Amino acid sequence: MTEKKKEFKVNFRGVRGSYPVCSRDQIKYGGNTSCVEIVINGRLIVLDSGTGIINLGSDLVKDYIASGTSSENRKPIEAVLLFSHSHLDHIQGFPFFKPAYIKSSSIYMYGFRSRNKDFEQVLAETIFDPIFPIELKEMSAQIKINNLHETQAIVIYPDKPEPELVRVNEEHELIVPEDAILIRCAKSYAHPKDGVLMFRISCNGKSIVYASDKESYIGGDSKFTTFARNTDLLIHDAQYTTEDYVSPIIPRQGYGHSTPDMAIEAAKLANAKQLVLFHLDPDYNDDFLEKMETRAKGMFKNLIMAYEGLEVDLMQAIIPSKTVKQ
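Residues 526 to 851 (this note's numbering) are what the sequence shown spells out, left to right.
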């Protein structure tokens with residue numbers, strides 16, 4: 526019996542914050558809002574569903590069509606969607622996610638309760654009827670939407686199609702098989718007005734931490750440092766330059782976002798092996814972001830500015846170099 530190949534790949538589908546952009550000087554890094562695709566041992570996990578999820582959905586449908594000659598023998602699309610929060614730039618792509626309109630698709634979605642409403646109700650009232658011509662419940666796929674709390678974890682076993690939601694005891698580490706996917710979450714309350722979930726995904730002896738829309742604190746965030754400790758890849762919010770963050774005209778302090786300096790401090794305190802700066806301000810063009818990246822690399826060598834199409838293979842040693850999109 527041959528051993529299954531271990532896989533842990535990360536693909537950045539959308540890296541902008543606040544709203545999508547499209548202009549000639551914003552091509553290298555891309556203009557779609559937050560969405561990160563992760564494939565671990567053949568299982569698909571998606572972090573947030575900004576407009577970047579639209580192209581991901583199109584690619585998944587192409588693969589689905591190519592997998593067979595009819596709906597009876599094609600390989601169904603299965604995906605786990607994790608939502609940091611329900612602000613528009615993190616959910617606006619979901620109504621256009623094509624797999625959600627295919628009956629055989631299975632989509633498991635997780636987000637937190639907000640303002641005494643279940644996450645499913647928040648989605649239904651924010652991006653569907655009457656804003657969109659259909660309702661969430663009218664989507665054809667098998668969709669299961671769960672509330673997620675930081676006292677819970679998600680476990681995806683290789684031999685079980687549906688993820689399991691389990692309770693976490695802080696006094697005892699949750700032990701799962703190495704080939705099972707463990708998803709932990711922590712809540713940051715620095716993002717207005719309900720905070721955000723941050724995710725740690727572990728499998729095959731590797732881990733990734735996703736911390737979008739996370740504003741830092743002076744001297745660091747001890748809770749986050751513990752949560753992200755020794756991660757192989759840290760994806761951290763770095764929306765604003767320090768100058769914009771403390772601007773006397775339009776200060777961004779309290780907006781719920783970090784600077785590259787904050788992200789680097791967080792990476793160093795957590796002993797993260799690699800850092801990707803994420804959730805880029807839509808006002809920043811390619812030249813500006815390149816200068817930001819150059820400066821940041823002088824402070825943390827194994828760092829890259831997120832861009833659409835960036836792929837990181839955690840089963841490999843180092844983060845790839847940036848290639849210019851044509």
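Just so you know, these hints were derived from the structure itself, not from any lab.
Each hint should be verified, as a subset may be incorrect.
[Said to hold, decoys possible] In silico EDC-like pairs for lysine to aspartate or glutamate, Cα to Cα no more than 16 angstroms straight-line:
id, residue 1, residue 2
1, LYS529, ASP704
2, LYS816, ASP806
3, LYS531, GLU660
4, LYS798, GLU768
5, LYS534, ASP757
6, LYS731, GLU532
7, LYS623, GLU660
8, LYS529, ASP684
[Said to hold, decoys possible] Cβ pair distances, simulated, as ranges:
id, residue 1, residue 2, range
9, MET840, VAL693, 23 to 31 angstroms
10, GLU675, GLN646, 19 to 27 angstroms
11, LYS822, SER631, 36 to 44 angstroms
12, ASN810, GLU597, 24 to 32 angstroms
13, GLU650, THR676, 19 to 27 angstroms
14, GLU695, PHE813, 39 to 47 angstroms
15, LEU690, MET840, 42 to 50 angstroms
16, GLU597, PRO717, 44 to 52 angstroms
17, CYS547, GLU597, 38 to 46 angstroms
18, LEU699, GLU597, 33 to 41 angstroms
19, PRO702, GLU675, 33 to 41 angstroms
20, GLN667, GLN778, 38 to 46 angstroms
21, GLU660, CYS547, 22 to 30 angstroms
22, ARG692, ASP643, 13 to 21 angstroms
All values reported here derive from a predicted model rather than from experimental measurement.
Even for Gly, the Cβ is constructed at its ideal location relative to N, Cα and C.
Here's how the hints hold up against the structure:
1. About 10 angstroms separates the Cα atoms of LYS529 and ASP704, which keeps this hinted pair within 16 angstroms; it holds.
2. For the hint pairing LYS816 with ASP806, the CA-to-CA distance comes to about 14 angstroms; that is within 16 angstroms, so the pair holds.
3. Of the pairs offered as hints, the one joining LYS531 and GLU660 is violated, with about 39 angstroms between alpha carbons and a cut-off of 16 angstroms exceeded.
4. Note on LYS798 and GLU768: the hinted pairing is violated, with a Cα-Cα distance of about 27 angstroms set against a maximum of 16 angstroms.
5. Distance hint between LYS534 and ASP757 is fulfilled; the C-alpha atoms sit about 12 angstroms from each other, no more than 16 angstroms.
6. The hinted pair formed by LYS731 and GLU532 meets the criterion: a straight-line CA distance of about 10 angstroms does not exceed 16 angstroms.
7. For the given pair, LYS623 sits about 15 angstroms from GLU660 by alpha-carbon distance, which is consistent with the 16 angstroms threshold.
8. Proposed proximity of LYS529 and ASP684 is supported: the alpha carbons are some 13 angstroms apart, at most 16 angstroms.
9. A hinted range of 23 to 31 angstroms holds for the C-beta pair MET840 and VAL693, which are about 26 angstroms apart.
10. A beta carbon spacing of about 20 angstroms between GLU675 and GLN646 agrees with the range 19 to 27 angstroms that was offered as a hint.
11. Distance hint check: the CB atoms of LYS822 and SER631 are about 41 angstroms apart, consistent with the given range 36 to 44 angstroms.
12. Our hint of 24 to 32 angstroms for ASN810 and GLU597 is violated, since their Cβ atoms are close to 49 angstroms apart.
13. Taking the beta carbon of each, GLU650 and THR676 are about 26 angstroms apart, inside 19 to 27 angstroms as hinted.
14. A hinted range of 39 to 47 angstroms holds for the C-beta pair GLU695 and PHE813, which are about 42 angstroms apart.
15. The supplied range of 42 to 50 angstroms is broken by LEU690 and MET840, whose beta-carbon atoms lie about 27 angstroms from each other.
16. Distance hint check: the CB atoms of GLU597 and PRO717 are about 49 angstroms apart, consistent with the given range 44 to 52 angstroms.
17. Our hint of 38 to 46 angstroms for CYS547 and GLU597 holds, since their Cβ atoms are close to 40 angstroms apart.
18. Checked against the hint of 33 to 41 angstroms, the C-beta distance between LEU699 and GLU597 comes to roughly 39 angstroms, which is consistent with it.
19. PRO702 and GLU675 have their C-beta atoms about 23 angstroms apart, which leaves the hinted 33 to 41 angstroms range violated.
20. Under the hint 38 to 46 angstroms, the C-beta atoms of GLN667 and GLN778, about 43 angstroms apart, fit the expected range.
21. Judged by the Cβ atoms, the range 22 to 30 angstroms given for GLU660 and CYS547 holds: they are separated by roughly 29 angstroms.
22. Here the CB-CB span from ARG692 to ASP643 is close to 18 angstroms, well matched to the stated 13 to 21 angstroms.
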